[in-house]
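**Student:** Spelled out, the chains give:
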Amino acid sequence: MGFRYRPWGVGSDRTLAYLLVTPAVFVLLALSIYPLIHSVSLSLQVNSGGAVNWSLANFTRLLSDQFFLAALGHTLVYAVSALSLEFFIGLGLAVLLNRQIRGRGFFRATLLVPMMLPTVVVGVVWRLMLNPNFGAVNGTLKGAGVDTTALTWTSSPGLAMLSIIAVDVWQWTPFMFLILLAGLQAIPQEPYEAALIDGSSAWQTFIHVTLPLLKPAILVALLLRTMDLLRVFDQVFILTEGGPGFATETISLYIYRTAFRFSDFGYAAAMSFVLLVITNVISSFYIRVLQSREAR
Amino acid sequence: MRIPVALILALLALSLYGCQPNRNSDSKQLTLAINSGVEGDALKQAAKDYEAQTGVHINIAEFPYANLFEKELIDLTARTGAYDLIMLDDPWFPKFASQQLLTDLGPLLKTKGLNGPDEDFVKTSIALCREPYETGTLHALPYVGNSQLLFYRKDLFDKHSLKEPATWDEALAAAKTISEQETNGAPGGGKVYGYVMRAAQGNAAVADFMPIFWAFGGEMFDANGRPSVNSPEGIAALKFMLELGKYTPPGYASFNADEVGAHLLQGTAAMSINWPAWISSFNDPSKSKVIGKMQFTTLPGARNPGRAEIGNWLIAIPRDARNKEAAVDFLLWATRAEQMKLSALRGNPPTRRSLFTDAELVAKFPAYPAQLRSLESSRPRPRTALWNEIENVFGIYLSKANSGELSPDDAMNQANAEIAKILERGK
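As given, the protein sequences belong to chains P and V, one line each in that order.
Counted the way the numbering used here counts, the first sequence spans residues 1 to 296.
Counted the way the numbering used here counts, the second sequence spans residues 297 to 723.
Incorrect hints may have been included.
[To be verified] Think about it this way: if two alpha-carbon atoms lie no more than 30 Å apart in a straight line, the pair counts; the simulated DSS-like pairs of lysine-lysine are:
| hint | chain 1 | residue 1 | chain 2 | residue 2 |
| --- | --- | --- | --- | --- |
| 1 | P | K142 | V | K585 |
| 2 | V | K472 | P | K142 |
| 3 | P | K142 | V | K542 |
| 4 | P | K142 | V | K583 |
[As the list claims (entries may be wrong)] To list a few chain V residues with every Cβ distance to chain P over 10 Å, as calculated:
| hint | residue |
| --- | --- |
| 5 | G485 |
| 6 | S524 |
| 7 | P545 |
| 8 | I692 |
| 9 | L702 |
Just so you know, the hints here were simulated from the structure itself, not pulled from any lab data.
Please read all numbers here as calculations on a predicted model, not as lab measurements.
Ideal Cβ positions, reconstructed from N, Cα and C, are used throughout, including at glycine.
Chain P with its partners taken away, still in its complex shape (with noise of 0.2 Å):
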């Protein structure tokens, strides 16, 4: 065990371990364990008519629930779009300005105003913007001479994720670019300089070299995206409020409109607690693949 300061005598130090531990465990038992332990004893709860039956109706109502399926396929489309496309225009930018260019401190500055902005705020501006008669995008294109009058964005079946996910991809893009930039910065010189020698072209450097040391960096910022994206809520219900008829709502907005408008408590923990483990799957996926490589 090695040196212990022993003020108070032998074992009070444990004492003193336990005493300062208690308000972190109690803080935790109460937002994290009651709440959990909470709603899935909520899940297996059905009530009918005054009375509450324990069952796992919850459960198999959500597999012929319509409207389930159709949240939980938006919620995948649009985290696997928003995910793919922060982290290609993240790494490239995080690539671009690593390197010395003239007022890389300005870029890196302005790249991240968006993600400073409150969500609520941005999925209002973006509503105004997008606004089909008023909005600034369909005034510049029509100042550019693009005919607008198919181009509702939030209004169309068709545009509105499309719509969502670039506003989802506006504000956070930064975040992916920060981490990955910071990944990059610690990358070492002297894989690059045996690559030099070696002869290897800028590409095979950045797939070989870059891509490999980079890779904790990417799993970590896939990983904190994932968790956001799955659970989205602010932006879509600012912007679209799940419509034009159910074309946008995701899983959280399902799950809020059935617990508080509808107060099917019990359903609505069903899902959550399908959200979190599909949520936890994914996770632990990114993480064994970050564990595997460091076993290396």
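Put chain V on the given structure of chain P with help from the hints.
**Tutor:** This is chain V only, laid out in the frame that chain P set:
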């Protein structure tokens, strides 16, 4: 080390105690849950006056519209007794009343020497406060008397020799004429659309559709309580809504109140079903480009006479309120004619006949005669505790039909099937 642990526990207990709603049962104190908005503001102001007059301290818990329902439902079902009075939008009333969460006002009124609510209340408003509708026990009093109106541009109707639409066919013809003729008639240049409506999923689409649906003879439930939105009348009504959509600004399948208001105020749309709260903004030069040009009337009919959807704010006393005695005193005081007149002057349509015909108010609010006619002939949304869920699903399919994703027949058939599922689950 026992003392610190005990101390921590004591502190925790204290902090939790602090989270409890005010347990003070002092009869000189009342707590009100209100919505943040013009309706809640009027009641908040009344509460201050009441406090000054009687010394009863009134705490105000103010919530945005979107959160008020969930907040009240959670508090009332958990029986916290946190509120002595709550403001509620009338579509929520069946849910609260059918779960016995509200106090029966009958016996309380008796203790005040009253046999029932004042005869001056508009019948359709007081009918909302009873469970079952119109005939049952009284659980609230109506405070703000909104009902839908048809807004139309008098100047453009006159210009094209169109008369005030009495039927939906006339309204459609007028919308067509204006859309086709006024291709450059908007104040800033650009097209004036003949009509504008909200078809965003949920409440918006449903509220703008119900008056058409009813006029065409549609009913949400048949005589046996089964959903019947896909009746031939219902489908015809939806087809008619899509016809109106041809003369509505593009993208209306996601319009909400703000977009509709903007089009009317900017003069880019000529007609709409809307709520009285918007009326005053048309004469505000900072917002409106159509000052003095907007006219307000009752809704057009079709097979049936035109009837508006009613949307009243009610005030009720929760079953577990701690101070029912003091609460009913305030409730009766706030809904008295002279108090409601103050609320009307602050911009809230009253629920008393005498105020709709009050000379001073009519001079200030020239639409009052039309509002009274609309209110007295209005209909409530289908009275069911499952309304939020049904409205949501119905709105999704209406929005899908208006965005072109589904045909009117498919939309109504699917909506009917989903509503049936909700009723089945709710049993």
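**Student:** Now tell me if each hint is right for this structure.
**Tutor:** Hint by hint, here is what the structure shows:
Note on K142(P) and K585(V): the hinted pairing holds, with a Cα-Cα distance of about 23 Å set against a maximum of 30 Å. Using a Cα cut-off of 30 Å, the hinted pair K472(V) and K142(P) holds, with the two alpha carbons roughly 25 Å apart. For a cut-off of 30 Å, the pair hint linking K142(P) to K542(V) stands: about 22 Å separates their Cα positions. About 25 Å separates the Cα atoms of K142(P) and K583(V), which keeps this hinted pair within 30 Å; it holds.
No Cβ of chain P approaches the Cβ of G485(V) within 10 Å, the least distance being about 13 Å, so the stated non-interface status holds. Every C-beta of chain P lies more than 10 Å from that of S524(V), the closest at about 21 Å, which supports listing it as non-interface. Here P545(V) does not stay apart from chain P, with its beta-carbon only about 5 Å from theirs, under the 10 Å limit. Against the 10 Å criterion, I692(V) falls within the reach of chain P, whose nearest CB is about 5 Å from its own CB.
The claim that L702(V) is not at the interface with chain P is violated, since a C-beta of that chain comes within 10 Å of its own (minimum 8 Å).
Hints 7, 8, 9 from the earlier list are contradicted by this structure; the remaining hints agree with it.
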